[in-house]
Amino acid sequence: MRVRVDGRILEGRGIDVPGVTPEALVQAVQECSGISQELPETDGPARSREDHDPETAPLSSRHTDRPSPSGGVVSVEAPPPRAGHEPLMRVPLNCSLRRGLAAAGRSCGTQTSLDRDIARVEQSLERLDPPNVDLETARRQLATTGDREEQLRERVASLRGKLHARRKLDADTETLKTELTETAAKLSEAETERIAAEQALQRERDRARDARDIRDNRLELQDELANRRRSARAILAKQMYPAFVAALQRVPGEASPGHDPVGFDGDPIAADLATIRIAQLAAPTVLALEEARFADAAIAAEQLDARVLRVPPHCEDEVRGIDSGNPDSATRSNDNHSGPSS
Amino acid sequence: MILTVTYSQEARRTLRNTCRAHEETVRRRFGRAVLFAETVFGAFLALRLREKHGEDVQLERTVPFNEFSAVPESVRAAATAYVQEANPHTPYAKFAVGTDHPDPRSLQGREL
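Just so you know, the sequences run in chain order A and B.
Using this note's numbering, you'd call the opening residue of the first sequence number 1 and step up by one each time.
Using this note's numbering, you'd call the opening residue of the second sequence number 1001 and step up by one each time.
Hint data in this document are derived by calculation from the structure and do not stem from the laboratory.
None of the values given here were measured: they were computed from a predicted structure.
Idealized CB from N, CA, C, for every residue including glycine.
There could be a bad hint or two in this list.
As the list claims (entries may be wrong) - Pairwise CB distance ranges, derived in the manner of DEER restraints:
hint, chain 1, residue 1, chain 2, residue 2, range
1, B, Leu1047, A, Ser113, 38 to 48 Å
2, B, Arg1048, A, Gln280, 43 to 53 Å
3, B, Arg1048, A, Pro92, 27 to 37 Å
4, B, Glu1038, A, Asn217, 52 to 62 Å
5, B, Ala1043, A, Asn94, 33 to 43 Å
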């Protein structure tokens, strides 16, 4: 695994990456497309790319004094995350113990009797494609024609009233009569338009109902899928539990795990670490703990049996890394810090 | 009241959050559907939901159902008679045969 940060290149199976936020590291892992060359990975501390041994040096050599293309932002060269890696991408895990264990189980290729059902429902869902029905235009048209009809109706009534009043006074009514006739004609036209708009809206509503039948069906399937996935996670978590209990012995932290995920009691970080340990991850995990549980990233990688990118606790302001050509300063984080923080 | 019906998980979730945040405007909840108060604010809440989730939200406006204005006497009488007199297992269509009560097919085509 290789990390490029601030123009420096760091290598190893476990790498301490100071001065970078966990979010940036997670992002870099998500974006990594793979290792350009197979690197000889050891359990030792991350070391600089000063290895010019033709046997082991990658063919595309990079010089650490060339500025990194992203100008100080971190980039990671490692196997990319596979599907389902997401819950295990960062420790502390941001999910329940059951979900974490299920993800670990999936990473090991574990299957459940529900998987075929789940695939079937997923396929059914994919086939559903409810059409869009534009009711808004029809509603707007109805409102507009309705308003117009209403206005004209009032106008006609008002003209009739005036006409009646004038007749009583024996005053001239010709112009008014003409206006009334014309307005009544407009009213009739407006009424026809409003009725047409009503019918158009009704047709669209019928189409919308058909579309909603499909949406309804889709929602039902979505719920069915969620339920089955939840059940599958419960099965996987239970299946992984014995391995998880064993792994708890090999990671820092105290816990009394009980017999199943419900019975777990103890240090949630220990649970997260044990979950990572039993998973078979290709992509690295970002370790961002508040207190130091491991002396360095390399040791973390060994105990977690995973590639680890560690944000060193309380070291974020210090710039650490390897100056090219200086064989004396190996990257060993926590040089100047010892033991867990108080 | 303003009837709001959701047709997706996301829309249903938003509706739940909206109801929790604006209990005073909720007249009745049915899980994925709700009756909002017929106020401008109720309309506002409904429109917000539709703006966010498009056609996964259906908005309707209810009116109090007055059977005395909307429904012919013969139909009201038929409903009462069916419940009071019919055998519990007899479908209405069968019950209506040989009576003055309207047959259901004739009712289905008629607008209320």
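So, going through the hints one by one against the coordinates:
1. The beta-carbon spacing between B:Leu1047 and A:Ser113, approximately 46 Å, falls within the hinted interval of 38 to 48 Å.
2. For B:Arg1048 and A:Gln280, the Cβ-Cβ distance of about 45 Å falls inside the hinted range of 43 to 53 Å, so the restraint holds.
3. Our hint of 27 to 37 Å for B:Arg1048 and A:Pro92 holds, since their Cβ atoms are close to 35 Å apart.
4. The supplied range of 52 to 62 Å is broken by B:Glu1038 and A:Asn217, whose beta-carbon atoms lie about 31 Å from each other.
5. Against the hinted window of 33 to 43 Å, the Cβ-Cβ separation of B:Ala1043 and A:Asn94 comes to about 38 Å, which satisfies the hint.
The structure fails hint 4 only (numbered hints given earlier).
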